[in-house]
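Could you build the full structure based on these sequences and the hints that come with them?
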Amino acid sequence: LPILMPTLRPEMRNDPALTQPTYLTTKTMTRPATAADVAKHQAWEKAIADAKGDGAMIAKIGPEPPSATEGETIEVISKSGGKSIFWRDGVSPVGEATLETLSEETDGNTRILVQRYTNAHTGNGSFNVDFLLYHWMGVDLTDASKATIETLRLPPRLLMPFLVLIIVSLFTRRERKEVLDRYFVKMRTVVHPDPETDKRQLEAAYANPEHYERRKLFPKSDWEFTLPRPVDVIGFLVSVAICFVIVALLAWLAGIGR
37 LPILMPTLRP EMRNDPALTQ PTYLTTKTMT RPATAADVAK HQAWEKAIAD
87 AKGDGAMIAK IGPEPPSATE GETIEVISKS GGKSIFWRDG VSPVGEATLE
137 TLSEETDGNT RILVQRYTNA HTGNGSFNVD FLLYHWMGVD LTDASKATIE
187 TLRLPPRLLM PFLVLIIVSL FTRRERKEVL DRYFVKMRTV VHPDPETDKR
237 QLEAAYANPE HYERRKLFPK SDWEFTLPRP VDVIGFLVSV AICFVIVALL
287 AWLAGIGR
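Per the numbering used here, the sequence shown starts with residue 37, numbered consecutively.
Treat the hints as calculated values from the structure; they're not laboratory data.
It cannot be assumed that every hint is accurate.
No farther apart than 30 Å at their CA atoms in a straight line, the calculated lysine-lysine pairs in the DSBU-like style are these [claimed, not checked]:
| no. | residue 1 | residue 2 |
| --- | --- | --- |
| 1 | Lys222 | Lys256 |
| 2 | Lys182 | Lys63 |
| 3 | Lys88 | Lys76 |
| 4 | Lys88 | Lys115 |
| 5 | Lys213 | Lys235 |
| 6 | Lys235 | Lys252 |
| 7 | Lys222 | Lys252 |
| 8 | Lys182 | Lys213 |
| 9 | Lys96 | Lys63 |
| 10 | Lys182 | Lys222 |
| 11 | Lys96 | Lys222 |
| 12 | Lys119 | Lys76 |
| 13 | Lys182 | Lys76 |
| 14 | Lys119 | Lys96 |
| 15 | Lys222 | Lys235 |
| 16 | Lys115 | Lys96 |
| 17 | Lys119 | Lys63 |
| 18 | Lys213 | Lys256 |
| 19 | Lys82 | Lys115 |
| 20 | Lys213 | Lys115 |
| 21 | Lys76 | Lys63 |
| 22 | Lys119 | Lys182 |
| 23 | Lys252 | Lys182 |
| 24 | Lys63 | Lys82 |
| 25 | Lys96 | Lys82 |
| 26 | Lys213 | Lys252 |
| 27 | Lys76 | Lys96 |
Now the in silico label distances, taken between C-beta atoms and shown as ranges [said to hold, decoys possible]:
| no. | residue 1 | residue 2 | range |
| --- | --- | --- | --- |
| 28 | Val130 | Gly89 | 30 to 38 Å |
| 29 | Lys88 | Val130 | 14 to 22 Å |
| 30 | Asn50 | Lys119 | 46 to 54 Å |
| 31 | Gly126 | Asp268 | 40 to 48 Å |
Predicted, not measured: the structure shown is a model, and the values here were computed from it.
Positions of the beta carbon are idealized from the N, C-alpha and C atoms, including for glycine.
Set out below in structure tokens:
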């Protein structure tokens, strides 16, 4: 689909709804230069000298960082956004790129400028089908951050394989009931540490596959979701608690030396 869709419908590459980049956010921070800032500029100068006029290498090195002595006031500019949502190789401006200012504010020693592109663009590369669902739902992602966009990739990637499996299963031959019963009975039977006891429990379950029907979340259906047991709920809550501990530990580590 990522390759065929723009091939069969080339007009997609010029559709304004599919080629609008995200908002461009420019943050300008005014602060005293540190030793790291001085070293960064020196490293940039050395890299430019080593490039020896190679345009591709110079472009890869990036723009010149602020030049100052330690303690001197500098402006540190960082830009984010202005990226393609639906095209993996980005978008190219049609003609000259033009920007419209949406908001401008000052937060302490940082000035934040938010702009959007008003010129037309052309999509490059394959199509990000992941975001087509959001497009159909009317969700506007032009003001979303890079982190938000990466996060929104997850639901379609999780749900799409199951959707494909369900649709394909409706058009393919159904497995014999005996085979399915034996498989799902084995999956529902808790493993016992003792091999002999485990074998007896499995044989008893095989003899009466309907025994576990009451444990299904949707009885008498093909959905094999089972009702959670106390050990499942406790295990889930413990796992969530461990995740919170890890995140808290990361936040604490990130704050050291602040």
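Against the structure, the hints come out as follows:
Among the hinted pairs, lysine 222 with lysine 256 is consistent with the structure: their alpha-carbon atoms are about 18 Å apart, no more than 30 Å. Pair hint lysine 182 plus lysine 63 holds up; C-alpha atoms about 15 Å apart against a cutoff of 30 Å. Distance hint between lysine 88 and lysine 76 is fulfilled; the C-alpha atoms sit about 19 Å from each other, no more than 30 Å. For the hint pairing lysine 88 with lysine 115, the CA-to-CA distance comes to about 27 Å; that is within 30 Å, so the pair holds.
Between lysine 213 and lysine 235, the direct Cα distance comes to roughly 22 Å. Compliance with the 30 Å bound is thereby established for this hinted pair. For the given pair, lysine 235 sits about 23 Å from lysine 252 by alpha-carbon distance, which is consistent with the 30 Å threshold. Taken as a hint, the lysine 222 and lysine 252 pair is honoured in the structure, with Cα atoms around 14 Å apart against an allowance of 30 Å. For a cut-off of 30 Å, the pair hint linking lysine 182 to lysine 213 is broken: about 48 Å separates their Cα positions.
Among the hinted pairs, lysine 96 with lysine 63 is consistent with the structure: their alpha-carbon atoms are about 21 Å apart, no more than 30 Å. Note on lysine 182 and lysine 222: the hinted pairing is violated, with a Cα-Cα distance of about 44 Å set against a maximum of 30 Å. Distance check on the hinted pair: lysine 96 and lysine 222 sit about 57 Å apart at the alpha-carbon level, beyond 30 Å; violated. Under the criterion of a C-alpha separation no larger than 30 Å, the hint pairing lysine 119 with lysine 76 is consistent with the structure, at around 26 Å.
For the proposed pair lysine 182 and lysine 76, the alpha carbon gap of about 25 Å is at most 30 Å, so the pair holds. Annotation: proposed proximity of lysine 119 to lysine 96 holds, straight-line Cα distance about 18 Å (limit 30 Å). Taking the CA atoms of lysine 222 and lysine 235, the gap is near 11 Å; set against the 30 Å cutoff, the hint holds. Distance hint between lysine 115 and lysine 96 is fulfilled; the C-alpha atoms sit about 16 Å from each other, no more than 30 Å.
A C-alpha spacing of about 16 Å is found between lysine 119 and lysine 63, which places the hinted pair at or below 30 Å, so the restraint holds. Distance hint between lysine 213 and lysine 256 is fulfilled; the C-alpha atoms sit about 13 Å from each other, no more than 30 Å. Taking the CA atoms of lysine 82 and lysine 115, the gap is near 24 Å; set against the 30 Å cutoff, the hint holds. Only pairs whose Cα atoms come within 30 Å are accepted, and lysine 213 paired with lysine 115 is rejected, the gap being roughly 59 Å.
For the given pair, lysine 76 sits about 19 Å from lysine 63 by alpha-carbon distance, which is consistent with the 30 Å threshold. Of the pairs offered as hints, the one joining lysine 119 and lysine 182 holds, with about 8 Å between alpha carbons and a cut-off of 30 Å not exceeded. Among the hinted pairs, lysine 252 with lysine 182 is inconsistent with the structure: their alpha-carbon atoms are about 40 Å apart, more than 30 Å. Distance check on the hinted pair: lysine 63 and lysine 82 sit about 26 Å apart at the alpha-carbon level, within 30 Å; holds.
Taking the CA atoms of lysine 96 and lysine 82, the gap is near 14 Å; set against the 30 Å cutoff, the hint holds. Of the pairs offered as hints, the one joining lysine 213 and lysine 252 holds, with about 17 Å between alpha carbons and a cut-off of 30 Å not exceeded. The hinted pair formed by lysine 76 and lysine 96 meets the criterion: a straight-line CA distance of about 15 Å does not exceed 30 Å. For valine 130 and glycine 89, the Cβ-Cβ distance of about 31 Å falls inside the hinted range of 30 to 38 Å, so the restraint holds.
For the pair lysine 88 and valine 130, the supplied restraint of 14 to 22 Å is violated, since their beta-carbon distance comes to about 35 Å. Distance hint for asparagine 50 and lysine 119: a CB-CB separation of about 18 Å, inconsistent with the stated range 46 to 54 Å. Checking the proposed 40 to 48 Å range against glycine 126 and aspartate 268 shows it holds: the Cβ atoms sit about 44 Å from each other.
The structure shown violates the earlier hints numbered 8, 10, 11, 20, 23, 29, 30.
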